[in-house]
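Chain by chain, the residues:
2 protein chains.
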Amino acid sequence: MTEIKRLSTADSDYQARIADLLAWESVSDDRVQQTVAEIIREVRARGDAALIDYTSRFDRWTPASAADLELPKARLEAAWGKIPAAQRAALEKAAERIRAYAEHQKTSGWSYREPDGTLLGQQVTPLDRAGLYVPGGKAAYPSSVLMNAIPAKVAGVAELIMVVPTPDGELNELVLAAAHVSGVDRAFAIGGAQAVAALAYGTESIPGVDKVVGPGNIYVATAKRAVFGQVGIDMVAGPSEILVVCDGGTDPDWIAMDLFSQAEHDEDAQSILVSWDAGFLDRVAASIDKLLPTMERQEIISAALRARGALIQARDLDDAIDVANFIAPEHLELSVEDPEAIVGRIRHAGAIFMGRYTAEALGDYCAGPNHVLPTSRTARFSSPLGVYDFQKRSSLIMASRAGSAELSKTASVLARGEGLTAHARSAEYRGEGAE
Amino acid sequence: MTEIKRLSTADSDYQARIADLLAWESVSDDRVQQTVAEIIREVRARGDAALIDYTSRFDRWTPASAADLELPKARLEAAWGKIPAAQRAALEKAAERIRAYAEHQKTSGWSYREPDGTLLGQQVTPLDRAGLYVPGGKAAYPSSVLMNAIPAKVAGVAELIMVVPTPDGELNELVLAAAHVSGVDRAFAIGGAQAVAALAYGTESIPGVDKVVGPGNIYVATAKRAVFGQVGIDMVAGPSEILVVCDGGTDPDWIAMDLFSQAEHDEDAQSILVSWDAGFLDRVAASIDKLLPTMERQEIISAALRARGALIQARDLDDAIDVANFIAPEHLELSVEDPEAIVGRIRHAGAIFMGRYTAEALGDYCAGPNHVLPTSRTARFSSPLGVYDFQKRSSLIMASRAGSAELSKTASVLARGEGLTAHARSAEYRGEGAE
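So the sequence lines, in the order shown, correspond to chains U and P. Just so we're aligned, residue 1 is where the first sequence starts under the working numbering, counting upward by one. Just so we're aligned, residue 1 is where the second sequence starts under the working numbering, counting upward by one.
By construction, these hints were calculated from the structure, which means they are not laboratory data. Please note that a few of the clues may not be correct.
The list cannot tell twin chains apart, which means a pair is met if one copy fits it or any two copies do.
What the hints assert, rightly or not - Capping the alpha-carbon separation at 25 angstroms, the derived lysine-lysine pairs in DSS-like fashion look like this:
id	residue 1	residue 2
1	K409	K82
2	K409	K93
3	K73	K409
4	K73	K5
5	K93	K5
6	K5	K409
7	K153	K73
8	K73	K93
9	K106	K5
10	K153	K5
11	K153	K290
12	K82	K93
13	K409	K106
14	K5	K290
15	K73	K290
16	K290	K106
Values in this document were obtained by computation on a predicted structure and should not be read as measured data.
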């Protein structure tokens, strides 16, 4: 029997136990910090030469020259031709749906005029260049290429640069094919903190970008934090999580498999089920025991469920919703009869999967919304990756003569209240000039 | 004569000189880092008791109990009644305009249904609680209270908590009055890294929030970086900057004063003018020499102009626009005859002040758009503070039975391609269930 914790919101120590269950602090120790700081210094100082050295050291192949680091567009296209037709069709279908959803997220500028002719507004522009980090080796996920690249291209980013390490020189055809179908503009076979540094500062061969997105190991995450400010970054993600809220009416095998689908990512992944039907919690526990031995990734799933999984008994629906809002999960399944009746009461969640037929896995690949989502309760203040992450805004102010004269009076009073007389006089000039 | 650098885009070393001029790296040294880390540890461990100790040590007054740390709403209202009527009217006018502009930034959710009944969408919700840091002492700016607080309230943040240090127990009536008119819900007389830690983790008396915004010194900035992840933060700002693009037709005294208005903030502030009219650059230089001796903050202005100011000669309008896009300035004045004809070519800027009558100072106080803007070239990838910083999004997916059956095929192919069979089986269950 897999030991998965059982909690009840009625327990006197529930608050302490749930806090304990959710506790997660990513630690990048001093050694990692120092290694990353040195790699960044080297790449800034020596450019391509440093990239060649690190690739040789960490990825165990030695580029003859910096030109060898680039994966030409023809190579991405070749990968597209090489993968099985079923995978090509699936990637195409997924890309199309992700693109269609992303189109709804595009925002455009606006402005309004006041009676005196003053114009106020907001101009929206895409980033010039974005960089997409894609992990190599075992954790190379083509779906992640689609999810990071497509919103950038929909936003209008002129140049999207992908970096992907190729340990021992090995290329992942599915990843290259995904890059092809996503519209990646240039790709380079580099990885680790050195790739992040190259994207942030540029080298002779790698163009510097304005923002770096995409998942990576602790070195990549630490490097992203370090270059933040020089460039933008997306969130540094914690382990993946799912919270299933179920009324007891969904097949317990389905729910068990949904919990597994999160737990199979890694031992730190978190799978939680909350229901007010105690019998249902028992049935899901039985399904877990029955199905676990049939899973390819049984050991990882079992370790994750033991360490960070839970079945939570709530008092009722309202109580379950409170649990969901407290956890603010990355993925939330509302596996209930009428999800539309309650979705408006969910205040914090990365993505909400509504109804018994919406397996979270559909969202991971092809439903349309992004699978890059806020983890570790950060849905309290952050959003899924989206087109808006590749657009930015500029405020617009155009004061008419009359408007300027009027505004300058208010500005002058407040500026003098703050002791900033150059501000006041700069405003007053326009007031006088308009009279 | 004030020595302000003269550059020309035609100079062979222009790229190196402009890069040198813009170079800015905020350094929080190891000592600051360690002090902040210890303060955060103490506040997490000892809560209110630590806040009382630090207030006593750093602000030189000793609260009798934690209750003394709160500034009751009645105290904010009293400040509102106490300030001169002209300031009250100016704050009210500014607040009203900032609110009206912010209302345009509110976004709401959307959804669409596909032919098979599958629903996709995005739900938009406000943060539950936000924390606003307001510096005390000399740099206490009431305008900054309005600019940070009003977008949060417009977004629908249920509880907005302000913290403001009161060195030697001294309260700034204008700041409290601004908090009153902005709708701040609770205020506490605490500051420094300890206030940021209290907002991030909560204490017995200070409610933990979901995001911390607002300016502060190096300790505050370092603390914000440290708690990022536990809570959201706004950008950590660098020195303030202005770039004026002028066609030579604006009164040179006005432009000189606009440059001063930025330079008077502090010695690191950056004021740059670019024009293709060499004679105009000379006339502004003459205005600078003429007006500087009349300025209250002459020494700061002079130091800032010497260290980081510049007059740049461009070849023509197109060249000047290239300069602006490279600098990606926090504040951009387009002091030209027809700004609307060129604003669409500005790709990167925090706020754009269009036309001869739009002094940047109007935007600092009362035009409506936010004065919290991306500095140090970060306008390449980030935006003014706005309502969107206090809202977040959740993706919505509700697959119909038919939709689920269809999507599960694609998800299954891609999941198996990634070796994630629990994902595949979770999707497949729904496909089978629908048949």
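Outcome of the hint check:
no. : hint        : verdict
1   : K409 / K82  : between (69 angstroms within a copy, 21 angstroms between copies)
2   : K409 / K93  : between (59 angstroms within a copy, 10 angstroms between copies)
3   : K73 / K409  : neither (59 angstroms within a copy, 29 angstroms between copies)
4   : K73 / K5    : neither (50 angstroms within a copy, 45 angstroms between copies)
5   : K93 / K5    : neither (39 angstroms within a copy, 57 angstroms between copies)
6   : K5 / K409   : neither (65 angstroms within a copy, 33 angstroms between copies)
7   : K153 / K73  : within (16 angstroms within a copy, 48 angstroms between copies)
8   : K73 / K93   : within (21 angstroms within a copy, 56 angstroms between copies)
9   : K106 / K5   : neither (42 angstroms within a copy, 42 angstroms between copies)
10  : K153 / K5   : neither (43 angstroms within a copy, 40 angstroms between copies)
11  : K153 / K290 : neither (44 angstroms within a copy, 51 angstroms between copies)
12  : K82 / K93   : within (18 angstroms within a copy, 65 angstroms between copies)
13  : K409 / K106 : neither (38 angstroms within a copy, 29 angstroms between copies)
14  : K5 / K290   : within (17 angstroms within a copy, 76 angstroms between copies)
15  : K73 / K290  : neither (47 angstroms within a copy, 59 angstroms between copies)
16  : K290 / K106 : neither (45 angstroms within a copy, 49 angstroms between copies)
Violated hints for the displayed structure, listed by number in ascending order: 3, 4, 5, 6, 9, 10, 11, 13, 15, 16.
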